[in-house]
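Number of protein chains: 2
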Amino acid sequence: MDTTNLLFYLAIAVGVIGVIFVTIAAKWVLKQDRGTDRMKEIQDEIQKGAKAYLRRQYTSVGIFVIVVAIILGATYGLKSASAFVVGAFLSLLSGYLGMIIGTGANAQTAAGSSKSLNTGLRVAFFSGTVMGFSVVSLGILGLSLIFWWLLGSGHAHVASAARLIPAFGFGASSVALFARVGGGIFTKSADVGADLVGKVEAGIPEDDPRNPAVIADNVGDNVGDIAGMGADLYESYVGSIIAPLTIAYIAFYKDPNLQVHGLNAMMLPFAVAITGIIMSLIATTFVHVKGDRTSMGVLLMALRKGVWGAALLTAIALFFVVRYVMGPGFDGLYYAILSGLVAGVIIGYSTEYYTSQDYSPTKEVSASAGTGGATVVIRGMAVGMLSTVIPILTVGAAIIVAYAFSKASAPHASVIGGVNLVGIYGVALAGIGMLATLGITLATDAYGPVADNAGGIATMAELDPKVRERTDALDSLGNTTAATGKGFAIGSAALTALGLTISVILVMHDIIGKDFQHMLSVADPMMIVGMFIGGMLPFLFCSFTLNAVGKAANAMVEEVRRQWREIKGLREGNAKADSGKCVEIATLSAQKQMIAPALIAVISPLLVGFLLGPTALLGLLTGSIVSGFLLAVMMANAGGTWDNAKKYIEEGNFGGKGSDSHKAAVIGDTVGDPFKDTSGPSLNILIKLMAVVSLVFASLIAKYYIHW
Amino acid sequence: MDTTNLLFYLAIAVGVIGVIFVTIAAKWVLKQDRGTDRMKEIQDEIQKGAKAYLRRQYTSVGIFVIVVAIILGATYGLKSASAFVVGAFLSLLSGYLGMIIGTGANAQTAAGSSKSLNTGLRVAFFSGTVMGFSVVSLGILGLSLIFWWLLGSGHAHVASAARLIPAFGFGASSVALFARVGGGIFTKSADVGADLVGKVEAGIPEDDPRNPAVIADNVGDNVGDIAGMGADLYESYVGSIIAPLTIAYIAFYKDPNLQVHGLNAMMLPFAVAITGIIMSLIATTFVHVKGDRTSMGVLLMALRKGVWGAALLTAIALFFVVRYVMGPGFDGLYYAILSGLVAGVIIGYSTEYYTSQDYSPTKEVSASAGTGGATVVIRGMAVGMLSTVIPILTVGAAIIVAYAFSKASAPHASVIGGVNLVGIYGVALAGIGMLATLGITLATDAYGPVADNAGGIATMAELDPKVRERTDALDSLGNTTAATGKGFAIGSAALTALGLTISVILVMHDIIGKDFQHMLSVADPMMIVGMFIGGMLPFLFCSFTLNAVGKAANAMVEEVRRQWREIKGLREGNAKADSGKCVEIATLSAQKQMIAPALIAVISPLLVGFLLGPTALLGLLTGSIVSGFLLAVMMANAGGTWDNAKKYIEEGNFGGKGSDSHKAAVIGDTVGDPFKDTSGPSLNILIKLMAVVSLVFASLIAKYYIHW
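Sequence lines, in order, name chains A and B. Numbers in this note's numbering are just positions in the first sequence, counted from 1, shifted up by 3. Numbers in this note's numbering are just positions in the second sequence, counted from 1, shifted up by 3.
These are computed hints drawn from the structure, not numbers from a lab. These numbers come from a predicted model, not from an experiment.
One copy or two, it doesn't matter: identical chains are merged, so the pair holds either way.
Taking lysine to aspartate or glutamate and the EDC-like style, the derived pairs with C-alpha atoms no more than 20 Å apart in a straight line are: (1) LYS43 to ASP467; (2) LYS554 to GLU367; (3) LYS666 to GLU204; (4) LYS660 to ASP211.
All chains, full assembly: derive it from the sequences and hints.
This is how it looks when you write it as structure tokens:
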């Protein structure tokens, strides 16, 4: 059997094993003790709300998918449309599964925490694992099957397979954008709305059942932080495989000297993903805590053992995998992948440094609360901005290393615009290198919202305060791992978008020919204009999403005030709130407000590409990657540091809970909510979606350009 | 007499006329009634503080200038060092004159306002005029004399003059950066510190003499908003002439077919500046108000008549000027200049729309204050981000128009990397087009801080509240014109930096040769890495400046608290505050904190250029222009909308002064202070300084690259 076929079989096998593992883990989680009747009732309510939201969202997204599928079908034929639909469907499925397990594990986590912290951690972590491995298994399974199908029997249709596979990524990306933006608006409008009217206005504690927005807030954790993130990272994962695949087609397959390695080079990203999944599965067994020590350090170490173990195992195994797939002489590609893996780890730690209350940046933000909310905001912004330095330099170093080593492997590869194509292939490989262990990093990330929900249930069901203390420990840990996860998501998004942009260049070069090399110049006014527009789009996008949260939160505040006015006895805790109405309001706002930003993302590159030409389009893509990356890091980390600066004060520093400092810190935290959970993470998808849309339509834009 | 010489004579004549006009206007302002003894006393105190600050700043800057001059002298010879020193010196002088007139007109404006609003406006506007015309007269005078000197007798040394003139811009830019950053930190630490401890903590009104930081706050208006802005725009003005000049050398002078137009093309930017100055001088006579109506609309219209009149006259005259200087066949260049002029006006209006309380964006920010400080911050950020769209599209359109028209004038001009050099020359001309009427736009801008100061003096000297009302009307108007001015400053900074970057490309191309065309590709990993680093630098820079303000403001708060504790009777108004100590603290903080960001700006491009090569350096410059432009617009406009949203509430909307909404709006305003007056405007200089440093060292970097 040749290597290509072997890798297909392995990809499918690993995908199936992943699905089986996920099913077993999910069954285990769901059959855990759900606790008291009140807990079950709350869980059911949250699940009902989440399902209602997703049903509505999937209807809107469904219409979009159908319209685009028809356009693709008419333009590129049925295969392209099918790849798009499958990509979109699997993205929806990833999000849905995440939501099911998230809403199905929160009561269990609360009940587990009432036994011991360890039990709580295990339940929560396993639910996160389900999310993580659903994403990677569905990703590798769907992508490899579609690619195999496109290749046809005897791998006869390499050219058309390479051309059509981006449609799969397009499907995944567009669904991800809707999920991230819609979910992000939902969760933060409910969160901010509940806080503003509850904590700030009425002075009642978080998750108090007298606040009708609390259920919506809990629903939001599931549809935004779990389902939205699942769709996001599914899309990153798929995109980071597609980018090197399409580059490999031109760099290897179309180069007579390297054609013999062509199919294997196209399959190498799959091989990296397969290795990462297997090693991550093995590493999940490293995660457990002995006894019942609540120390954050112990918990964090338990999770880290899993993440580190997976990274280390993957790093070692990949050396042999690259040797096996590419044969000797291509070790440079291994170092390219490794540079991505290492960069991911560095970015993760840098994120942690800037956002965790264990380090000085966040402590200084806490300290600045002594002079009011404004100084908290200023200092937090400064931290967010400063935190862009290390990720940028790290990604930059990874690019240089990946390019240099890969180029050294094939110094005589084709050159376009002075750029060695195998070198650029290496840069794209660094992207999948960064995401290789996504299964387990996402698991440590996704369990946070489950713990958050469990805490909500513990408070609402009036369990022993000790339980809430334990779920808070889990949640707080979740914030740290989530920050790390966000760092990964952003870093990989930049590399993936970059890889896709390079693919756009190669596809256009194929059509326009040698002249195209002169169209890549940074001195070209069209390039500059494109870069300006591309740089601006993330700002426009964030403006929309920030405003959307603001508007939706206001609607939520009005509704809560109305219920308190009209439902007698509610504020005293003697009547039941109409939580369903709050969920409905958040749902409708989110649906309404997600349309405009999503359309901007899809339409802008097409508009610029067709009206201003290929040069401006490439400017748009690079400009959006640079500014999107920077804004995303800044917003995510500013949000993280505000959140934890508030927590640090709540732990009794600088006056503690209820002090003026605390009130000031709450302002920072509230500003940070949409920064870190709506606008920031959506930017990852924005830059990838624009790149993949451009890739799908690259040949059309190039032909249109020649024609005129 | 040939056109070149005529233009030199005209430039010098206009410069001298400008200086005479400035002297007369200054004398007139200074001899106006200074009001009561208490007013004189306060004025003297402010002036003493401002001088003390500038003395200290000029000492630090002096050391920097000497060191760099020695380096330049050793590297490029005495002429380069001289050009640098003169550029730096004139920048210092512009700032100093602005400060002298600013601190010399505040009491006069207060005294004038106690007679009538019209008298107040005239005094304040004339003081602004002094500032505006000092900048442009010194700019044109210094630059033309140095360029003439470099050209030598019979214009024998065109090549070396073109190579050495950027050093003049380098001198202007580096001083401007110190002035903007140092002044910005001083003014905002005093302002924020005084507000935090006075308005927020002690509940005493603004400018209350019991607050020891009030004098420092008033000093800050002069050293930051006036001297800092003067140095900033002086530098923009000079840079926007140098950029097309250096491009013209290669596009025209070195092209055998166009050499005949070479010197004239190099002089055309001077001609544009001369025309703009003359027309602005004429238009200042349009600014006056009949009777004593306090309506904002009437005042604004008076200023607008001046600005519009100048723009219109300049637009008409330039058509003939371009014809005269370049001869027939180059009308395309006129349209390029015009596109810059028009773009400036559009950006100005867009800025006004997003920051004035007359329009919905700011009103919505005010309305959001009902749900607290956090929503104010979120909505203001959203407005700031949204406000980037029109400036970006406008500058983009100006670039396309300028390029297309100019290229059409000389379709057979030299081409580098697919780019027509005369076309690119047109893009650089658009930059000076935007700044042509700087004399008067800066006048309407600089008078704001004078009115602000006058208000402070009116309150401290306990004048009739009617006087404060009038100065407040002037000040409020000043905020609007200042916003417009900031829009101009940012837009022109982007075009100037772009022009300088193109010059870098041309200089390097001259040395490296044809191969260099392959080094401009956006697909090159080094280009991408450079863009990442360049995009990140504005974030790093803002982080530094935001933190600097935060730290300095805290030091100020501590000092005020100390004085209240230790000086008996001060809080009751029976003892005199030690204002000098507050000025000293702000001075020391500003000096200490301005070093790091300024060095980043100078060193980064050199480090990247020598270590990573020319491609990465060009990536750095373009990346910094894109992200610096966007951040600068966002921060300036978010700051503007927060400021005016607060004012709108103070006018009695949404609860008015003292309401919870007002408190929430004050948080937004305080966040906005360093955004709009420290970090945002400094970015303009950052991107130009990095470009001009690169241009000065471009040949060295290129040679170093070849050598390795």
